[in-house]
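Visitor: From first to last, the protein sequence lines are chains A and B. Here the first sequence stands for residues 1 to 577, where the numbers follow this note's numbering. Here the second sequence stands for residues 1 to 577, where the numbers follow this note's numbering.
I should point out that these hints are in silico values taken from the structure, not numbers from a laboratory. Check each hint, because a few of them may be wrong.
[Claimed, not checked] Each computed DSS-like pair below joins lysine-lysine, with the alpha-carbon atoms no more than 25 Å apart: (1) B:566 x A:67; (2) B:376 x A:400; (3) A:321 x B:541; (4) A:562 x B:566.
There are 2 protein chains.
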Amino acid sequence: MKKLRICNCQINCHVGDIYGNVEKILSGIDVARENSADIVTFPELAISGYPPEDLLLKPSFISENIKALNKIANNSKDITAIVGFVSQDGCIYNSAAIINNCEIKGVYRKMFLPNYSVFDENRYFTKGDKPGLAFKLNGVTFAVNICEDIWYASGPLMKQALGAGAELIINISSSPFCAEKMKERENMLKARATDNLVMISYTNLVGGQDELVFDGGSMILDHNGDIIARAKRFEEDFLIADLDIEKVARKRLYSPQRKFEKDTPTIDKSDFETIDLICKSGHKSKKISMRIEEPEGEIEEIYNALCLGIKDYVGKNGFKKVVIGLSGGIDSALTAALAVGALGADSVIGVTMPSRYSSQETKSDAEIVAKNLGIKFITIPINNLFKEYLSSLQEVFRDKPADVTEENIQARIRGNILMALSNKFGCLVLSTGNKSELSVGYCTLYGDMAGGFSVLKDVYKTIVYKLADFINEKAGNELIPKSTIKREPTAELSPNQKDSDTLPPYDVLDGILNQYIELDLSVEEIVGKGFDKEQVKRVVKMVDINEYKRRQAAPGVKITQKAFGKDRRMPITNHAV
Amino acid sequence: MKKLRICNCQINCHVGDIYGNVEKILSGIDVARENSADIVTFPELAISGYPPEDLLLKPSFISENIKALNKIANNSKDITAIVGFVSQDGCIYNSAAIINNCEIKGVYRKMFLPNYSVFDENRYFTKGDKPGLAFKLNGVTFAVNICEDIWYASGPLMKQALGAGAELIINISSSPFCAEKMKERENMLKARATDNLVMISYTNLVGGQDELVFDGGSMILDHNGDIIARAKRFEEDFLIADLDIEKVARKRLYSPQRKFEKDTPTIDKSDFETIDLICKSGHKSKKISMRIEEPEGEIEEIYNALCLGIKDYVGKNGFKKVVIGLSGGIDSALTAALAVGALGADSVIGVTMPSRYSSQETKSDAEIVAKNLGIKFITIPINNLFKEYLSSLQEVFRDKPADVTEENIQARIRGNILMALSNKFGCLVLSTGNKSELSVGYCTLYGDMAGGFSVLKDVYKTIVYKLADFINEKAGNELIPKSTIKREPTAELSPNQKDSDTLPPYDVLDGILNQYIELDLSVEEIVGKGFDKEQVKRVVKMVDINEYKRRQAAPGVKITQKAFGKDRRMPITNHAV
Chain A
1 MKKLRICNCQ INCHVGDIYG NVEKILSGID VARENSADIV TFPELAISGY PPEDLLLKPS
61 FISENIKALN KIANNSKDIT AIVGFVSQDG CIYNSAAIIN NCEIKGVYRK MFLPNYSVFD
121 ENRYFTKGDK PGLAFKLNGV TFAVNICEDI WYASGPLMKQ ALGAGAELII NISSSPFCAE
181 KMKERENMLK ARATDNLVMI SYTNLVGGQD ELVFDGGSMI LDHNGDIIAR AKRFEEDFLI
241 ADLDIEKVAR KRLYSPQRKF EKDTPTIDKS DFETIDLICK SGHKSKKISM RIEEPEGEIE
301 EIYNALCLGI KDYVGKNGFK KVVIGLSGGI DSALTAALAV GALGADSVIG VTMPSRYSSQ
361 ETKSDAEIVA KNLGIKFITI PINNLFKEYL SSLQEVFRDK PADVTEENIQ ARIRGNILMA
421 LSNKFGCLVL STGNKSELSV GYCTLYGDMA GGFSVLKDVY KTIVYKLADF INEKAGNELI
481 PKSTIKREPT AELSPNQKDS DTLPPYDVLD GILNQYIELD LSVEEIVGKG FDKEQVKRVV
541 KMVDINEYKR RQAAPGVKIT QKAFGKDRRM PITNHAV
Chain B
1 MKKLRICNCQ INCHVGDIYG NVEKILSGID VARENSADIV TFPELAISGY PPEDLLLKPS
61 FISENIKALN KIANNSKDIT AIVGFVSQDG CIYNSAAIIN NCEIKGVYRK MFLPNYSVFD
121 ENRYFTKGDK PGLAFKLNGV TFAVNICEDI WYASGPLMKQ ALGAGAELII NISSSPFCAE
181 KMKERENMLK ARATDNLVMI SYTNLVGGQD ELVFDGGSMI LDHNGDIIAR AKRFEEDFLI
241 ADLDIEKVAR KRLYSPQRKF EKDTPTIDKS DFETIDLICK SGHKSKKISM RIEEPEGEIE
301 EIYNALCLGI KDYVGKNGFK KVVIGLSGGI DSALTAALAV GALGADSVIG VTMPSRYSSQ
361 ETKSDAEIVA KNLGIKFITI PINNLFKEYL SSLQEVFRDK PADVTEENIQ ARIRGNILMA
421 LSNKFGCLVL STGNKSELSV GYCTLYGDMA GGFSVLKDVY KTIVYKLADF INEKAGNELI
481 PKSTIKREPT AELSPNQKDS DTLPPYDVLD GILNQYIELD LSVEEIVGKG FDKEQVKRVV
541 KMVDINEYKR RQAAPGVKIT QKAFGKDRRM PITNHAV
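Looking at chain A on its own, in the form it has when it is part of the complex (with noise of 0.2 Å):
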């Protein structure tokens, strides 16, 4: 009977830590081993971490790497592993090990290499010219490809379920988070199973890395497109599936539209080989119930991926706290919130510094904050600082009347302040502003931009609005108070300041800065859809001359089609404006 039982680790690699992602590797096949699984996968990438950027210029990173490689190999007894690494021949590769009873059976190198988005695949790797070898293990056929390469009707998987036979495609992907991503995904891994009579275990690496969030989800699909197995999205996770590749063969016999295709000149068979595998699991005597995680909503998912970011972001870099500026308004009270959720409040420091155009409610619902989420609070009023700012600058100032000047020197002191106690107490400072201020520059360079993390820098302030409502409601009380999500926002940067005096309601403006950055529509574009022309007009020219400040902040997560930083490559200089 061809049948094979996998186990698709899911697991967190760290970028550049090459021995601490063999150990996690080692591991993933002792719970393999453990389960008796036939054959064991991992993300793409899993020995260096994804992606390892330019760490990838080294030679001595390359040749880590593969010694990596051999270890894992020398201890892969009695199991099949696909481990993602990267190979080289005078170019590098990004390639997949099918490792066999301790011997490295064959290399298959990654054809379609991604470089857009945030992706600069191009920039290191050469592309393989070969779907590659096919492998027959216990009867069943399979062969493997690399996250990309799967999203082609055309591409690799075609060729290797017509060309080689294979029945049940392994790919392992490093593919990153954004809003809706999954549901992506899950159709074109139906659409490739359906079209192909394939079985699919797709493995996906879990973790945050820098601006990005690997949300795992990796899955089985059997060759109806019915997904037979899935595991957790945005944590670690193993899942073990038995597959009953019998039924392929069955339904592969009579199936008409195989057999037009099979008849088609485009595949070359004499560009495979398939290579035989010693299989020692026996499994058989066992059975497994297999899982099915259920996906999440859609604000939910948002809400996973920040935490993970920033607990990994946090994490991994070495920090055990966080400090946070407390305004009273929304934004910082969602940032406080989402810390909490990803480290704990014991691991979160809120810091409240009002100024003389503070208000009373914002003070109170700072504190407010503070204690719902049981986090430390600390005080620090910055009246005085501003005064001695004022008058050191008085001579130089002159008559000038206040302005912007003034406002900006109240957000740099509280940034003065919160890297102040950065340095001393070793945490990491979550700057706070979300992405409608970052797109249009409301914000203050070296002032709230400041810290090590920019936890709302893809999140629309309407999206803050949602991800609120939902905490609250996750947490089955007020965590953040409702005078604070209800409160008309403001910055509080001089008397009766309030954001809609410079900018458009955030609907609008939200719905302005989608078509303009996710959509990259033109004006005319934009207001062919019916937003006010002169409005238009405006926010596009703040977006457009407000790179520079983006150029300077912090990294944050991205959660949308199109978030700022390698996603979006604008030069600073541009007269496009």
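Dock chain B against the given chain A, drawing on the hints supplied.
Guide: Same frame as chain A, but now just chain B:
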């Protein structure tokens, strides 16, 4: 007689400013026409500016650029113009239009797309798959290629010369500066000319664009590999030359190498079509003398690159003045001198912000530098502000001993003051840290790193000294006082502080940094070059753990083989440390 007059228009294009660039191109055509040139050439992507980065993802930007090309074509009566633009047919291509007497006669698509170092051309462009058309003008066969194309010995140039019989190759480039790049370009062009017996017209972009300076130095080589005309560097220039192509044909007739290569089967002549162009200029009656501008010395070209980088970043972003914190040390003195070289003394403001740790000598040196350079000089002491911070933080810090926190507070007070001056008077802050400091994190985020442009970002401390000497020599007097150059480097943020308390001597440090950053060597390899192991390990670790600071640094001009910024893309979260 096969003769042509060519005019290479080395213009300073502005990224995004399509219609401004069109104006410059039309003026260049006028200059060429006034000088009876047959052909006029412009840099790569002259219409969009280079690099346009993600502006290329906006369909409206592409269609504007095509409208602009048509406008240029309509204004090209009686001349042949080679114009860099973005062509499209479903995908987009980095292209050159060959315009003759108001008609677009052909479009060449760049075949070699650079995607390393600062380049991301695979992100946007599809590569051309044919060396393209050849053209016949006044009996001369010529062909066109673009920048990177000409760097490959077996690239399109060889095919154009052998397959289409091109006697003149026109390459349009946007090749950015780094030290000694000019020599590399010359050597490469000489090899292409002699190997293929072609004359070469090489037109390069000039101007600063964010991290890059394009240094011009356009040139024309004959078929013997001799430079017969060379333009200025670091400024706009029009280079006009008479080409006697008759000589090329004569030399080719009896060339044994050529005969050998013509027989090679790698060239498919059917790939080429030769298009006849109309020649109307009739320049034969006049005579011109051809210019060969002398190249600069090693330090002079760096000086010129930095000045152009400052001038264009400041000017193209709409600023008239800059403000610089003058500490009395060499870095800020050099930055001020460069700013004066770029913008003139009236556009530069020096600010000294002495603290309790500032010595009498540095205070006086700051003033002397300002006086020598003839710039406005402001003094704003920070002692009271520093005291106020200490008092505001006293309760939170309690009995914690003073450490780097107190040093950073002072640096950030200065950052806040400089930014306040920037906000109030609309001038750009130039930050003054050098590459050695930035490499090892010997700098304060939001403190001395605050600013819109980081002049010495890619200038090692050892080069800082050479630049200071060069400036004094050039001025014929001590613009930068010898006491400033000779003083042992100190940040003056705590009592009797010296850089050498924390860092190896700068010549050792820069040696290690060069091996690690530019050459990507491992610790073992660097130690193998004769450096102390513990010192190398310490320096490498400092470089790695300070990536987060550099990620939030202002842009600065690339002058080395590998600059920080988009030239070196390291993960922040990096366990290779």
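Visitor: Now tell me if each hint is right for this structure.
Guide: Against the structure, the hints:
1. Among the hinted pairs, residue 566 of chain B with residue 67 of chain A is inconsistent with the structure: their alpha-carbon atoms are about 30 Å apart, more than 25 Å.
2. Using a Cα cut-off of 25 Å, the hinted pair residue 376 of chain B and residue 400 of chain A holds, with the two alpha carbons roughly 19 Å apart.
3. As the CA atoms of residue 321 of chain A and residue 541 of chain B are separated by approximately 23 Å, the hinted pair is consistent with the 25 Å bound.
4. As the CA atoms of residue 562 of chain A and residue 566 of chain B are separated by approximately 19 Å, the hinted pair is consistent with the 25 Å bound.
When each numbered hint is compared with the structure, a violation occurs for hint 1 only.
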